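Novice: Chain by chain, the residues:
Number of protein chains: 2
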Amino acid sequence: MAEYNALLKKTLKTLLDEKKYPTLKDILVTMNPADIAAVFEDLEEERIPLLFRLLPKELAAECFVEMEPDRQELLIRGFSDLELRDLLGELYVDDAADLVEEMPANVVKRILAQADPQTRREINQILRYPENSAGSIMTTEYVSLRPSMTVAEAISRIRKTGVDKETIYTCYITEDRRLLGFVTVKDLLLTEDDDTPVSAVMDENVISVSTMADQEEVAQMLSRYNFLALPVVDTDGRMVGIVTFDDAMDVLEEETTEDMEIMAAITPSEKPYLRSNAWELFKHRIPWLMLLMVSATFTGMIITGFESALAAQVVLTAFIPMLMDTGGNSGSQSSVTVIRALSLGELAFTDLPAVIWKEIQTAVLCGSALAMLCFVKIMLVDKLLLGSTDITVLTAAVVCFTMAVTVLVAKVIGCTLPMCAKKLGFDPAVMASPFITTIVDALSLLVYFGVAQVLLF
Amino acid sequence: MAEYNALLKKTLKTLLDEKKYPTLKDILVTMNPADIAAVFEDLEEERIPLLFRLLPKELAAECFVEMEPDRQELLIRGFSDLELRDLLGELYVDDAADLVEEMPANVVKRILAQADPQTRREINQILRYPENSAGSIMTTEYVSLRPSMTVAEAISRIRKTGVDKETIYTCYITEDRRLLGFVTVKDLLLTEDDDTPVSAVMDENVISVSTMADQEEVAQMLSRYNFLALPVVDTDGRMVGIVTFDDAMDVLEEETTEDMEIMAAITPSEKPYLRSNAWELFKHRIPWLMLLMVSATFTGMIITGFESALAAQVVLTAFIPMLMDTGGNSGSQSSVTVIRALSLGELAFTDLPAVIWKEIQTAVLCGSALAMLCFVKIMLVDKLLLGSTDITVLTAAVVCFTMAVTVLVAKVIGCTLPMCAKKLGFDPAVMASPFITTIVDALSLLVYFGVAQVLLF
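As you go down the protein sequences, you meet chains A and B in turn. Each residue of the first sequence is one higher than the one before, counting from 34 in the working numbering. Each residue of the second sequence is one higher than the one before, counting from 34 in the working numbering.
Any given hint could be a false lead.
As the list makes no split between identical chains, a pair holds if one copy fits it or if it spans any two.
In silico PhoX-like cross-links for lysine-lysine, where the CA-CA straight-line distance does not exceed 20 angstroms [claimed, not checked]:
(1) Lys304 / Lys198
(2) Lys42 / Lys193
(3) Lys219 / Lys193
(4) Lys53 / Lys142
(5) Lys316 / Lys46
(6) Lys219 / Lys198
(7) Lys219 / Lys456
(8) Lys42 / Lys53
(9) Lys42 / Lys219
(10) Lys43 / Lys53
(11) Lys416 / Lys198
(12) Lys42 / Lys58
Keep in mind that the hints were calculated from the coordinates and are not lab data. Quick caveat: nothing in here was measured; it's all calculated off a predicted structure.
Just need the whole structure built from these sequences, with the hints factored in.
Specialist: Below is the structure:
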């Protein structure tokens with residue numbers, strides 16, 4: 034897809050160079066908003082307003098929503114008041130609220146001045162909720178029905194009020210804004226008798242989330258239950274909005290990217306890679322690199338502490354990288370598996386003993402297999418093939434024993450730390466490979482030199 | 034959510050122990066299929082058919098779809114032919130095809146024998162497509178309309194045929210099974226004049242995918258365009274089915290888990306963590322551990338090659354872990370960022386020069402900052418505070434120079450390998466932390482000893 038889009042962008046740019054605006058417009062109206070927005074991302078700044086004004090109103094608004102904040106700001110700064118008002122009229126309230134959140138203060142002032150009073154009130158309501166909460170990603174535009182309506186009345190209400198709603202397919206039955214149940218358009222359409230009251234068709238087992246619920250949890254629920262939308266209720270139990278599946282998909286994608294970044298020792302950023310410059314990448318990467326580098330002081334201290342032993346048996350040094358890497362890999366296998374299971378909601382803290390037991394068994398299997406292979410490798414490759422005469426059976430035994438212990442320690446630490454982090458309210462993804470590796474390095478060296486001192490000296 | 038489910042399961046088990054079946058049934062019918070399926074996962078085998086038979090037909094089928102294959106097999110083996118036929122009647126065709134794919138041969142034979150001929154034909158059609166293709170996850174049950182129909186006729190057709198369709202909200206306009214466009218139920222309902230022909234309301238710019246398209250790409254498209262469904266066309270351009278957003282969400286979740294597992298040097302498994310036993314975990318983890326351990330032979334060889342140098346300057350050994358870890362962390366930051374951008378479709382192979390240039394700049398920034406901090410740390414902490422008398426300014430300079438070079442090498446390798454892997458048709462996720470670390474380890478040791486030999490001896 035990426036390759037195809039690159040081609041398309043080139044064609045559009047050529048048309049723009051040649052000022053073939055009617056042809057450009059003809060192509061643009063056949064395209065999807067997300068694809069048009071991608072074209073804008075790569076365009077020189079001065080050409081953006083020109084291309085944007087070629088789009089019909091509704092499509093223009095749809096593209097606008099898909100753009101990066103810097104592009105949006107550029108466009109708004111170039112808009113007349115009338116153009117801005119038109120755009121705001123086309124936006125859904127949750128998208129307008131997102132926009133207000135991203136823009137600098139002076140742009141926000143212009144936006145709020147041009148929005149109609151009702152929209153302004155709704156934007157303010159959404160902005161009151163903390164970042165990453167269900168309230169902050171919901172939209173207040175949903176279809177509500179009264180329980181006494183008939184199916185025919187319900188359908189006619191949907192036809193009358195549906196145009197401004199983000200989804201009409203799930204409608205909510207409320208009384209005094211209290212949520213009684215939901216009904217899908219499919220249920221309504223498939224009901225044969227048009228005079229059936231909505232209350233007879235609706236499903237009362239409605240799952241709702243609180244405005245303060247974590248957005249990732251809400252997205253997981255939408256995915257788990259295959260819902261098109263989830264109703265959001267405030268602390269008084271009144272329905273205030275819905276979160277739709279497309280926002281949930283975006284949240285899941287963002288949260289996954291964030292998890293992966295944290296697991297790779299990067300502080301998360303919301304900017305796509307190609308749009309971040311080196312300085313931004315540096316700022317997101319250097320803190321963890323520095324912290325982890327400094328914490329490697331401990332491993333250094335351990336080696337220094339055994340310096341005299343190492344000087345007598347330099348051959349031991351050659352196996353340090355292998356032991357450290359295998360320990361790190363074993364630990365990160367366990368931590369990544371557990372972190373993922375936690376973020377999918379498959380694991381609770383009460384599962385910790387079961388998890389540790391499973392990891393111990395796996396570690397014993399992995400550790401013994403690796404130790405055996407390692408012994409064969411050392412004796413055949415390192416000693417026979419490469420002719421390292423310093424290697425004795427005892428050296429090999431020390432290395433292999435350390436290997437087995439390291440794998441065990443790594444796997445237990447790897448599964449325990451993320452679960453404890455989650456319990457303590459931290460992000461478990463922090464307890465991934467880099468962090469685990471640093472701890473396991475130190476421990477495996479302690480075991481290595483400890484065993485070596487007992488057996489070899 | 035995980036904690037809450039644990040509590041609920043306990044309550045249900047108590048009710049089952051006390052044989053309070055009517056109360057159990059009352060609770061179950063208020064629950065969501067995915068939650069009921071989770072209850073079945075933890076139940077002793079002999080009680081599963083009992084609990085399953087308490088569910089009303091439709092809910093039973095919905096739960097069945099959410100269960101793990103071993104539970105499904107257990108249930109089918111206990112079913113009478115009539116029960117099996119009832120279940121198959123309630124399943125959507127794509128779910129039935131999934132089932133046939135997962136079950137052992139003798140169970141499949143029974144399923145196909147009990148399915149009606151039409152369903153059997155459709156199952157076989159879906160099964161013909163390769164695993165992970167759009168054809169294999171599509172459903173053949175969608176609403177198709179003729180272009181000459183009026184809006185009123187279209188709505189009435191939906192009401193008549195909609196009950197068996199997985200989604201009715203996006204309808205496809207076809208002629209001789211050729212896809213002309215699509216129309217949403219929202220568009221149909223919001224059209225004021227019921228006599229408008231469907232062809233006037235439909236959107237002709239319909240995005241479709243081929244039956245052979247990769248399922249991850251299809252899922253990314255659904256997420257990118259916020260569609261409820263995407264039409265699937267065969268090689269002759271005839272529409273054969275649709276992929277719905279809920280299946281896309283599942284695919285994205287699976288593919289993300291798979292990416293994370295591969296990035297942590299685990300061969301992917303489809304079984305949830307808590308349901309995999311130690312032997313299964315072992316089998317998925319040991320191949321990579323062994324491969325990576327054996328490839329550490331190179332780093333060992335490098336150290337052995339410089340053994341005499343190390344014996345003279347044992348203090349150099351103390352910094353090996355820090356250099357290796359920082360190199361590994363720097364490399365995995367770049368590789369994970371690039372792997373994620375590739376899987377989100379943000380990067381094409383043509384971006385490689387831009388990516389390498391960005392990483393070089395970032396590496397220079399990170400490398401110099403780390404080298405400076407490292408120098409200060411070595412002189413203050415290691416030399417002054419810990420009193421390591423062997424450390425000279427020259428030693429510190431060698432370590433810091435190696436640090437900077439390692440970071441540069443790690444970042445360039447980290448961003449290049451995943452992109453080349455993708456270009457060559459491999460999974461870029463393989464080129465993550467463990468693999469990069471092994472390569473960077475060897476290179477950083479070469480630089481370290483090379484520089485040390487020039488400057489220190």
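Novice: For which of the previously enumerated hints does the structure constitute a violation, in increasing order of number?
Specialist: 1, 2, 4, 5, 7, 9, 11
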